[in-house]
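S.K.: Note that the protein sequences, when read in sequence, are chains B, W, G, Z, E and P. Residues 110 to 393 in my numbering are what the first sequence lists, from first letter to last. Residues 110 to 393 in my numbering are what the second sequence lists, from first letter to last. Residues 110 to 393 in my numbering are what the third sequence lists, from first letter to last. Residues 110 to 393 in my numbering are what the fourth sequence lists, from first letter to last. Residues 110 to 393 in my numbering are what the fifth sequence lists, from first letter to last. Residues 110 to 393 in my numbering are what the sixth sequence lists, from first letter to last.
A few of these clues could be false.
Identical copies look the same in the list; a pair holds intra-copy or inter-copy alike.
As the list claims (entries may be wrong) - The calculated lysine-lysine pairs, modelled on DSS-like cross-linking and capped at a C-alpha distance of 25 angstroms, are:
| no. | residue 1 | residue 2 |
| --- | --- | --- |
| 1 | 207 | 114 |
| 2 | 291 | 351 |
| 3 | 393 | 284 |
| 4 | 130 | 232 |
| 5 | 177 | 210 |
| 6 | 291 | 210 |
| 7 | 114 | 177 |
| 8 | 351 | 298 |
| 9 | 298 | 210 |
| 10 | 177 | 207 |
| 11 | 114 | 305 |
| 12 | 210 | 284 |
| 13 | 351 | 284 |
| 14 | 298 | 393 |
| 15 | 284 | 130 |
| 16 | 227 | 284 |
| 17 | 284 | 193 |
Derived by calculation from the structure, the hints in this document are not laboratory data. Nothing here was measured: the structure is a model prediction, and the numbers come from that model.
There are 6 protein chains.
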Amino acid sequence: MNLFKNVSTFLGFDNEYEESKLVLFGSPFDGTTSFRPGTRFASNVMRSESYGLETYSPYLDKDLEDVKAFDAGDLEFPFGNTQKVLDEIYDFTSNILKDDKTPIMIGGEHLVSLGSIKAVYEKYNDMYLIHFDAHTDLRDDYLGEPLSHASVIKRCWDFMGDNKIYQFGIRSGEKAEFEWAKQHTNLTKFSCEGLKEAVKTIGDKPVYITIDLDILDPSIFSGTGTPEPGGITFNEMMEAIKTMESLNIVGADIVELAPQYDTSGVSNAVACKILREMALIIEK
Amino acid sequence: MNLFKNVSTFLGFDNEYEESKLVLFGSPFDGTTSFRPGTRFASNVMRSESYGLETYSPYLDKDLEDVKAFDAGDLEFPFGNTQKVLDEIYDFTSNILKDDKTPIMIGGEHLVSLGSIKAVYEKYNDMYLIHFDAHTDLRDDYLGEPLSHASVIKRCWDFMGDNKIYQFGIRSGEKAEFEWAKQHTNLTKFSCEGLKEAVKTIGDKPVYITIDLDILDPSIFSGTGTPEPGGITFNEMMEAIKTMESLNIVGADIVELAPQYDTSGVSNAVACKILREMALIIEK
Amino acid sequence: MNLFKNVSTFLGFDNEYEESKLVLFGSPFDGTTSFRPGTRFASNVMRSESYGLETYSPYLDKDLEDVKAFDAGDLEFPFGNTQKVLDEIYDFTSNILKDDKTPIMIGGEHLVSLGSIKAVYEKYNDMYLIHFDAHTDLRDDYLGEPLSHASVIKRCWDFMGDNKIYQFGIRSGEKAEFEWAKQHTNLTKFSCEGLKEAVKTIGDKPVYITIDLDILDPSIFSGTGTPEPGGITFNEMMEAIKTMESLNIVGADIVELAPQYDTSGVSNAVACKILREMALIIEK
Amino acid sequence: MNLFKNVSTFLGFDNEYEESKLVLFGSPFDGTTSFRPGTRFASNVMRSESYGLETYSPYLDKDLEDVKAFDAGDLEFPFGNTQKVLDEIYDFTSNILKDDKTPIMIGGEHLVSLGSIKAVYEKYNDMYLIHFDAHTDLRDDYLGEPLSHASVIKRCWDFMGDNKIYQFGIRSGEKAEFEWAKQHTNLTKFSCEGLKEAVKTIGDKPVYITIDLDILDPSIFSGTGTPEPGGITFNEMMEAIKTMESLNIVGADIVELAPQYDTSGVSNAVACKILREMALIIEK
Amino acid sequence: MNLFKNVSTFLGFDNEYEESKLVLFGSPFDGTTSFRPGTRFASNVMRSESYGLETYSPYLDKDLEDVKAFDAGDLEFPFGNTQKVLDEIYDFTSNILKDDKTPIMIGGEHLVSLGSIKAVYEKYNDMYLIHFDAHTDLRDDYLGEPLSHASVIKRCWDFMGDNKIYQFGIRSGEKAEFEWAKQHTNLTKFSCEGLKEAVKTIGDKPVYITIDLDILDPSIFSGTGTPEPGGITFNEMMEAIKTMESLNIVGADIVELAPQYDTSGVSNAVACKILREMALIIEK
Amino acid sequence: MNLFKNVSTFLGFDNEYEESKLVLFGSPFDGTTSFRPGTRFASNVMRSESYGLETYSPYLDKDLEDVKAFDAGDLEFPFGNTQKVLDEIYDFTSNILKDDKTPIMIGGEHLVSLGSIKAVYEKYNDMYLIHFDAHTDLRDDYLGEPLSHASVIKRCWDFMGDNKIYQFGIRSGEKAEFEWAKQHTNLTKFSCEGLKEAVKTIGDKPVYITIDLDILDPSIFSGTGTPEPGGITFNEMMEAIKTMESLNIVGADIVELAPQYDTSGVSNAVACKILREMALIIEK
């Protein structure tokens, strides 16, 4: 016999690195999560659970088997040192981009997006950011720490500036954050209304999509640290993804699944399906 | 150092008793619950979990920090003696009312509302009752016991009489209860349709609001003893609360959260948010 | 005293066999389930949990107490031998039909329907099949096995042929299955649209209804092995059942509840309510 | 076909009432439980779970199939009225005794034993009581209520008097209870040391055995409302039962299993095995 | 960059196939499990959870890093066809043996051992079998099926014959099985007493070790389908492994972990540690 | 009425700060936990759950009501900045010591002990450290970070030096750590053997006791991030505490309870009882 070590990839991400256009990796970090931790387990669980899915999407009438995608596994982090974690993500993403591949990351808490967005922004500095979330994530700091899950979009704005960030589904935050957003980002409360217009405005400019899965109503996505009732439905998410099909997506991430809070496995299935659909619209 | 004992209040209910208009207390009793007990744990859990919330409501554009509210903790009950429990609630509520404050109670099973509603009714006997629930709660007795979670609204009707009680969201009960309601209460099946008209009719008369959280669909609120699919959505609940903003609310309660049946914590978040919104429309 | 052995039936199914028109039985088999097993526990749990329900349906304004129904308990199966299991179900169903009673079965995985549908089809070979499901179930085989939960409707088609099978709510399957369905079954993606037309077409012909409960959105029904977000709501299911009230239903089953994945008990309540409503439209 | 209603009994308790010497029944009441309720679910769960057991005991080299035993199911109680519950248990037990059968009861909280012990005591007033428990259960009252899970043995002492009660395994209680016991009962702290002597003293006098399962260490029995580490092992419990084999047991109960706190099912298995062994030593 | 697909092996089993002496593989099958399924998830979970362990054993003062071991991942089975599953295991094990490597298998239910033991026996037909278990596993058939988890050792005896099988820890079974064992196997009830003598008798003859983890007391190993209180402690298991250090072990398996029944993760840790220790005594 | 804000303290820790000798506080930090987080929830849960306990200890024949103890609540930490967290703990502990009170801390992960031990050491630099744990905690760093749960005792050694640290119950670590310990600490593998001698050696010198609760066998304490089977029993822990009754204890902590991994609540009860016993031997 000639046997190979046991390989574990996300469903359909079973191509070799060289031949792939899409590169998936996990950033299992939840070190600044203040309320309920656990997003560090998301990437590992999603790989296992993805085998409950089909590769074919009846929403997009496309099949993952037609996409060349690679799964690099998870980065390994020293817990307790936030800056080092972000640097590692930044470096890894930069290397993927150098090889002209598109990075797609599984979080981890939302802060991990900072490392990845920064790396993509440095390659594409006319880039837009589409941000799906329940929370504003626009604090200056959290208990004095500027690097926090609650301030990640503010940190992106630090280098992206005004008019480049679209926020959808937002329904929780401090009053001051909502006020600030009026001047600096395009924030839509509660829903994805206005996404079509955003897509039109962006046109063929490069765009990074960051999906904090808690944008979904916790009825369908309870596996997250800070559930916020009043979110969008799964079908609205599917609709949003279809709306973005025409975009020039240069990077993406899916964050804030904390599998242990939803013991039914539904949240895992939701996250996996969204990742499948995202892969299908990025790699056309 | 000068340190004070560890204090635990619901988010934003951190004012002193004297300065507060709103007084929160818990009635952790589930002694007549026939199916699945556990609502006794609600108030304690809601205090802890409320710190996952923000004080600001994007629904009402109001902030709990602008409300003077006090949390008196939980009443302590002898389990096994239902009448004594109701008497204790009645006495405590009466005392709050004497100090010209508005009581807001966390259950416990729905029967606890009887103690509180009675006390408020004795101060305001032109009072209306708005009742949100999945169940009619109009039985004469349950296995021979007149004091039961299944008969609490009937017991209120005993002293309030016809035309003063509005019931919304009802979708479970005996056929006879639905028939009886046609003559004696304003019962709306399944939804909150007709709430606007009720609010108009009530005008500035005093009104008590009792929210059995199982009016919500169990997709978003599974943490309850007797889940009844087919309920209202969280957004419909938010809408209902906004509709009642103009009312002269003289008492309120939120009952039937049984936290242990929803291990994801979503039901706790839902209950906390509804309590926040209720506080914001009572204390204007 | 004269005492009888402890009896355990589904709510309202407490008549004697002889006097009953409706016969309920459980088929606790999940031996071909490839992903997450557990549907073997459904029938036992549903009997216990049904006592959280009322016998009266405000949806249909009918009462189970007016229906003569019998609960035969569960068949006992040798695990590991799929064909023997199906034979046992077939034989038991045939015997019920010989006594001119209508069988209603609780699964178990969806494959158990094959035994029951075959028996009913042999009595009524102009029969239609209405199939509610998230999955196509139209594979030829699964890892080489033709008797699989993933191929049960294909196995029914083997003897029923074209134009007799209506499929609703389908949102997962291989591309080839969706293609095949276009020629051989009436498949509706995602929803129950077209059910009214189907009911009209079928008229008073005999019809068997098989409900894979995963047609429901996992927000309200997470207790199943392969949850598929994007399903129908509970109210849409209620509407569908009402739509079928006029049909001549000669057999039915409710499958794929796996109680342990939904520790809140909501899925059990959903399954019980659907069984109650089905009983009420079969036995008119 | 001629079918009978679905019967559900504890493993091996499948004889008719008339032919049986042993009569099992459940008292699913936990209305005075102050900490964590749930023992109301024990009897129903134990019936289902007993089918994971074998009827043969390698400990006693005896087989349940050689015992004539009957399962009467559960009594039905009005929650919220403690005295009525105890009366119902008393009446039911008395009727069993009149038919010259031996009652064996599944609780419920420990207070239910009061109804059963009283009935047995009235038939056999030279009776001894052997009490296995982690708790003294010797309070005069609990928050003013004399009928409480925490005072059940004190209530038995009220009519049994001094020197008739043996207590084993006790490791929790108020200081005053331990002091009181020194004068009035034979209390052994922590272990079952002295059981052999007790058995010798009792000789062939009638004896009632009440087993509060929390005498067991929570490592092996975590399914209980108030777990107390430092308890006896399962093998020590088996040993204790064997030690009592020679006794003239005229009644017994097994209380305080709260199945939902041990999701592994181990506590259910433990409770079932203890019930099997008890049945085997009662019915010789 | 040059990246490799994400690899997932058990802790320390990260060598290449060619260089390894020990070959690990998973047989995720639980198709004949009659009571509570779930052992199919064991191998996948053990790989993830093994990273909570250290490679160094203070029990044996040995380190996994000094062992050349390979993890081949899991076999893929068609559920519903028991014979095919056993054939696949048999073939795979035979191939490993042909390459002069030692197979170590993670179940799955105990029946999977039959495939592996048979393959090893054909190479070493003077082989002994040491069997750790709570259950006799000596039935002729289970509900008519000869291939069952409850008859696996009987099936091994079919080809191994008398005096070759040692059974330890047995505490559950039918009376007839215990009787049969007296003539045909060396069965020790409850404990591992006599293991030292067995090791002496076996000497340097080849031996296969099959560990049904439910030999352990469910206090430390609750993650299994049919927990049997009264088992051996973890330290007794460690002691037993050390006792077998001198043996000529030609094959081994560890079966019946069902991770979902122990949500604490303790059972996973126990299983992983036992696998580590077994690897350390096989590969000397 | 005159009402006070809802107070929440550990059972019996209800005295005022000024009058108390013992000061309890929580350090809810788990930011360097590499495997499974969650110890941040321990202190809050222990306060609630302590009300399932009695104040009287039958082990020590002492009562918490005779002890003057104060509960200061929890420190509030910025997650993501480990050094700041340790500084806060150090400062708080120092202030307690300045007021001549004895600090007793609830973790959190084990690293929090570093802040507290350092503060106590600066007051008493002839201090000994008794360390109960399953793990050596003697790494130099973890993935490059010197401040880690896996290196906390090494960090204490940095300032305490050789011959001052006693370690008991250790059964997991790298080989190099065990080797290092031979020269620098008094490490006892697996058990508490030698504790009596240690107590004799220490005499009336000041001593700090740090209890990592995972020293306990996970059968009785499964609520921890990295369970290690083979630990000490609860009774052995009680014995150890009694053995230390004569010591001059100047500080103590109890760490690594992660309540969510033991849904039965047993681990919480164990932790609470150990804290009660510790309080009883510190405040004599």
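S.K.: Compare the structure with each hint and give your call.
M.R.: Evaluated hints:
Only between protomers do residue 207 and residue 114 lie at most 25 angstroms apart by alpha-carbon distance; the minimum there is 19 angstroms, versus 28 angstroms within a single protomer. Taking CA atoms no more than 25 angstroms apart as the test, residue 291 paired with residue 351 passes between copies only; the shortest distance there is 24 angstroms, against 27 angstroms inside one copy. With identical chains, the CA atoms of residue 393 and residue 284 are at most 25 angstroms apart between copies only, with a shortest distance of 18 angstroms across copies and 40 angstroms within one. With identical chains, the CA atoms of residue 130 and residue 232 are at most 25 angstroms apart within one copy only, with a shortest distance of 16 angstroms there and 48 angstroms across copies.
In this homomeric assembly, residue 177 and residue 210 come within 25 angstroms of each other (Cα to Cα) only inside a single copy, at 11 angstroms, whereas the closest approach across copies is 36 angstroms. Taking the shortest alpha-carbon separations for residue 291 and residue 210, neither the intra-copy value of 35 angstroms nor the inter-copy value of 38 angstroms comes in at or below 25 angstroms. In this homomeric assembly, residue 114 and residue 177 come within 25 angstroms of each other (Cα to Cα) both inside a single copy, at 22 angstroms, and across copies, at 13 angstroms. Proximity of residue 351 to residue 298 under the C-alpha cut-off of 25 angstroms is found in both arrangements, the shortest distances being 20 angstroms within a copy and 17 angstroms between copies.
When the C-alpha separation of residue 298 and residue 210 is checked against a cutoff of 25 angstroms, the pair qualifies neither within a copy, at 33 angstroms, nor between copies, at 34 angstroms. In the homo-oligomer, the alpha carbons of residue 177 and residue 207 lie at most 25 angstroms apart inside one protomer (18 angstroms), although the nearest pairing across protomers, at 37 angstroms, exceeds that limit. Taking identical chains as interchangeable, the C-alpha atoms of residue 114 and residue 305 are never at most 25 angstroms apart, the minima being 46 angstroms within one chain and 37 angstroms between chains. For the homomeric pair residue 210 and residue 284, neither the shortest alpha-carbon distance inside one copy (40 angstroms) nor that between copies (28 angstroms) is at most 25 angstroms.
Proximity of residue 351 and residue 284 under a CA criterion of 25 angstroms is satisfied inter-copy only: 19 angstroms between copies versus 32 angstroms inside one chain copy. In this assembly of identical chains, the alpha carbons of residue 298 and residue 393 lie at most 25 angstroms apart only when taken from different copies (24 angstroms versus 31 angstroms within one copy). Taking identical chains as interchangeable, the C-alpha atoms of residue 284 and residue 130 lie at most 25 angstroms apart only when they sit on different chains, with a minimum of 23 angstroms there against 42 angstroms within one chain. Proximity of residue 227 to residue 284 under the C-alpha cut-off of 25 angstroms is found in neither arrangement, the shortest distances being 27 angstroms within a copy and 38 angstroms between copies.
Proximity of residue 284 and residue 193 under a CA criterion of 25 angstroms is satisfied in neither setting, with 32 angstroms inside one chain copy and 28 angstroms between copies.
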